[in-house]
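In my numbering, the protein residues as written are 1 to 125.
One or more of the hints may lead you astray.
[To be verified] No more than 25 Å apart at the CA atoms, straight line, and that leaves these computed lysine-lysine pairs for BS3-like:
# : residue 1 : residue 2
1 : K43       : K91
2 : K121      : K91
3 : K121      : K43
Keep in mind that the hints were calculated from the coordinates and are not lab data.
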Amino acid sequence: MLRGVASHRCLDVTGASTANNSPTEIWDCNAGGNQSWTLNSSKQLVVYGAKCLDASGGGTTAGTAVVIYDCNGGADQQWNLNSDGTVTNVKSGLCLDVTGAATANGTPVELWNCTGGGNQKWARQ
């Protein structure tokens with residue numbers, strides 16, 4: 001699981017959906033399958049065994065939605081888990097960000113310019 005440092009909530013696939021392009025959000029950590037992320041040797045964050053955390057549409061701009069999609073090896077599905085707690089997308093260099101620095105359940109996750117804020121820091125658990 002990836003837990004947001006500011007929110008203390010986990011990276012979650014909305015509604016436990018397994019469909020391509022399902023959005024991600026933060027939600028109370030509950031060890032559900034939709035919160036069980038594994039970093040593989042290809043730098044992919046995998047959920048449900050075959051879906052990858054993905055920059056929607058291969059987007060590289062701030063505000064790009066972060067979704068799940070069939071793992072395909074693209075750079076938009078590769079992530080660096082950095083020593084400062086940030087998670088950056090290999091293709092864009094942007095940070096995995098909780099929108100608006102909000103902390104409520106259901107807040108969307110997006111790509112954003114790295115600011116060092118707590119809404120961009122994640123802890124593995």
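| task | Go through the numbered hints given earlier and state which of them the structure violates, listing their numbers in rising order. | result | none
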